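Student: Start from the sequences, fold in the hints, and give me the full structure.
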Amino acid sequence: MPQTIASPGLEIRRDGERAVIALAGEWTLDHGRRLERLAEQLPVSLGEVRRAVLDISGIQRLDTLGARLIDQLSHELGSEGVSVEITHARREHAILLEAVRARTAVVTRPPRSWLIEILADIGRTVVFAGQDLVRGVSFIGEVVIAIGRALIRPQRFRWAALINQLEQIAFRGAPIIILITFLVGCIVAQQGIFQLRRFGATAFVVDLVGIITLRELALLLCAIMVAGRSGSAFTAEIGSMKMREEIDALRVMGLNPVDVLVVPRILALIIAMPILTFLASMAGLFGAGLTAWFYGGIAPETFVARLQSVINYRHFSVGLIKAPFMAIVIGAIACIEGMNVKGSAESLGQQVTASVVKAIFMVIVVDGLFAMFFASIRF
Amino acid sequence: MPDATPPLAAPDTATLPKPIIQVRDLVVGFGDKIILDGLSLDVMAGEILGFVGGSGTGKSVLTRTILGLIEKRAGHISVFGQDLDEMPDAERRKLEKRWGVMFQHGALFSSLTVAQNIQVPMREYLDLSPAMMNDLAALKIQMVGLKSDAGEKYPSELSGGMIKRAALARALALDPEIVFLDEPTSGLDPIGAAEFDILIRTLQQTLGLTVFMVTHDLDSLASACDRIAALADRKVVAVGSLSEMVASPHPWVKSYFRGERALARLKG
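One line per chain: the protein sequences are A and B, in this order.
The first sequence begins at 1 in the working numbering and counts up one residue at a time.
The second sequence begins at 380 in the working numbering and counts up one residue at a time.
Hint data in this document are derived by calculation from the structure and do not stem from the laboratory.
For clarity, every value in this text was computed on a predicted model and none was experimentally measured.
Misleading hints may appear alongside valid ones.
To be verified - Okay, the calculated beta carbon distance ranges per label pair:
1. SER535/B with ARG135/A: 17 to 23 Å
2. HIS88/A with SER602/B: 29 to 35 Å
3. ARG112/A with PRO569/B: 41 to 47 Å
4. LYS397/B with HIS88/A: 23 to 29 Å
5. ASP528/B with VAL252/A: 29 to 35 Å
6. ARG502/B with ARG112/A: 40 to 46 Å
7. ARG153/A with PRO569/B: 43 to 49 Å
8. SER535/B with GLU117/A: 20 to 26 Å
9. VAL252/A with ASP506/B: 48 to 54 Å
A virtual CB, placed ideally from N, CA and C, is assigned to each residue, including glycine.
Tutor: Here it is, written out as structure tokens:
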């Protein structure tokens with residue numbers, strides 16, 4: 001084979017029981033699979049040979065792949081009882097071959113059966129779910145103790161952190177939450193009017209939107225938005241601090257991460273959620289009123305008067321009573337997930353997702369429990 | 380081109396080592412701050428060049444500019460004799476296969492195991508069977524002196540020294556011709572650092588690498604480097620062997636190589 005051709009090749013010259021195999025060209029990564037195939041076929045085409053001489057003088061370039069293949073080749077031939085000799089190696093090629101030969105054997109894990117993998121996965125998930133529950137309860141206990149500490153020694157409480165969180169959660173979150181509940185108020189009123197009109201009961205739309213907004217809608221929309229906006233932020237903040245060992249740094253300075261990071265956030269949520277729920281209720285009712293006026297032909301005076309007669313303080317307070325509980329649920333889940341972040345970027349993403357999904361799910365579960373509770377006490 | 384260009388293109392270039400990286404009159408700055416001003420440097424094929432300079436003088440900035448991670452204001456950089464600015468994108472991709480970079484903090488992908496980290500560039504650029512890729516990854520892991528079970532580990536499970544070694548293994552994944560090392564021995568204990576120097580030497584000889592090494596470590600400079608370039612006053616103020624460095628009249632180079640620590644080190 002002429003020296004000018006760069007692509008790898010090999011040539012076999014047979015001489016009785018002895019074969020001279022001349023390797024040539026570039027034995028490099030660029031020729032990847034072609035080289036692999038070349039090396040695979042060689043022992044087959046050799047047939048009945050007792051001695052093989054690998055003449056590598058024709059190799060123009062050699063890298064770890066080429067060296068590895070040559071090494072594997074001589075091993076393979078050796079195991080078939082062929083004595084192998086590598087000749088005419090350039091100095092730098094000889095060094096590389098030697099370096100590759102020194103390291104042998106790859107450890108590969110035996111693949112497990114998919115059935116066992118699935119079963120193991122299910123088992124793991126169940127165990128984790130149980131652990132989640134236990135950890136959640138103990139975490140809330142920790143937070144309560146930390147809040148107690150803050151009450152006993154308020155001068156050590158981190159007011160700046162609390163105010164900062166309040167700004168992030170309530171002040172910056174208010175516009176989007178108001179907008180969303182306003183729109184949903186409009187939509188619910190429009191649907192209500194559209195359906196009730198057939199029975200000539202358009203006026204009842206006021207009862208419908210009044211009760212549903214104050215008792216459920218404003219709070220749920222708020223909680224979902226807060227879980228998405230602030231819960232995810234908590235998890236990401238605490239999680240990235242965990243990844244970069246900042247949490248450990250706090251601990252060794254004698255600072256309790258729960259005091260420093262968790263309590264201000266959860267307290268801020270507990271304060272912000274009722275405020276946001278109130279704003280959301282008002283925005284929802286306003287949207288409903290506008291729709292009733294323009295779409296349903298209910299004058300604003302009529303709307304307000306009817307609202308006054310159907311809605312009492314109880315409907316209004318149900319939403320606000322639930323708000324702090326939702327705050328605790330969202331805050332606790334977000335902070336726990338943040339603390340669960342491991343070293344990798346992927347784990348951070350997983351925990352943030354888990355935080356939002358679990359928070360929204362738990363908010364709805366807790367809301368359902370409250371609905372049963374209020375129904376049974378006829379509140 | 381200004382006259383400052385060293386007379387490298389002498390008639391007997393064939394016998395001289397060829398510069399594999401050529402930097403000419405480089406200017407780099409951020410905002411109104413100029414970091415490098417009129418810097419020129421040659422890295423010869425097959426050498427280990429140690430690049431020293433005070434903290435914050437722009438050692439990493441030069442590396443990152445050569446790699447194309449930072450825009451330059453003026454000047455020319457050519458690698459393998461090709462000017463980086465005049466290179467079409469496709470050529471540039473090819474070039475990137477021919478160099479490997481080890482970042483100061485490893486920059487291993489945290490969601491992949493060490494073996495998967497090494498296979499990232501292999502998967503991207505090479506046509507290899509999965510078995511061969513595993514084999515090569517394991518080989519690289521052993522070549523940089525890690526135990527073979529390190530391949531299954533995630534970066535967060537590794538010690539500082541292991542991260543450095545894993546990062547070097549990834550930099551070597553495509554068998555590059557040039558390797559950039561950003562402070563390879565920082566954060567290692569003296570024994571680990573010495574081992575690392577030997578490792579770089581060995582790999583350089585086995586794989587025929589050209590190594591561009593940013594470092595603070597006097598031991599590395601003394602034991603691993605063929606030549607040293609010193610950065611001060613926004614440009615390269617001295618290039619040469621260790622003894623030439625010690626003899627340099629530049630005040631910063633003087634204080635670096637003839638300070639008490641350095642003298643004690645070089646005598647010992």
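Student: For every hint, state whether the structure bears it out.
Tutor: The hints, checked one at a time:
The beta-carbon spacing between SER535/B and ARG135/A, approximately 21 Å, falls within the hinted interval of 17 to 23 Å. Range check, HIS88/A to SER602/B: Cβ separation about 34 Å, and the 29 to 35 Å hint holds. Evaluation of the 41 to 47 Å hint for ARG112/A and PRO569/B yields a pass: the beta carbon distance comes to about 43 Å. The hint said 23 to 29 Å for the Cβ distance between LYS397/B and HIS88/A, and at roughly 27 Å that hint holds.
For the hinted restraint 29 to 35 Å between ASP528/B and VAL252/A, the CB-CB distance of approximately 31 Å keeps it satisfied. At about 23 Å, the CB distance of ARG502/B to ARG112/A disagrees with the hint of 40 to 46 Å. Checked against the hint of 43 to 49 Å, the pair ARG153/A and PRO569/B passes, with Cβ atoms roughly 47 Å apart. Here the CB-CB span from SER535/B to GLU117/A is close to 23 Å, well matched to the stated 20 to 26 Å.
Checked against the hint of 48 to 54 Å, the pair VAL252/A and ASP506/B passes, with Cβ atoms roughly 50 Å apart.
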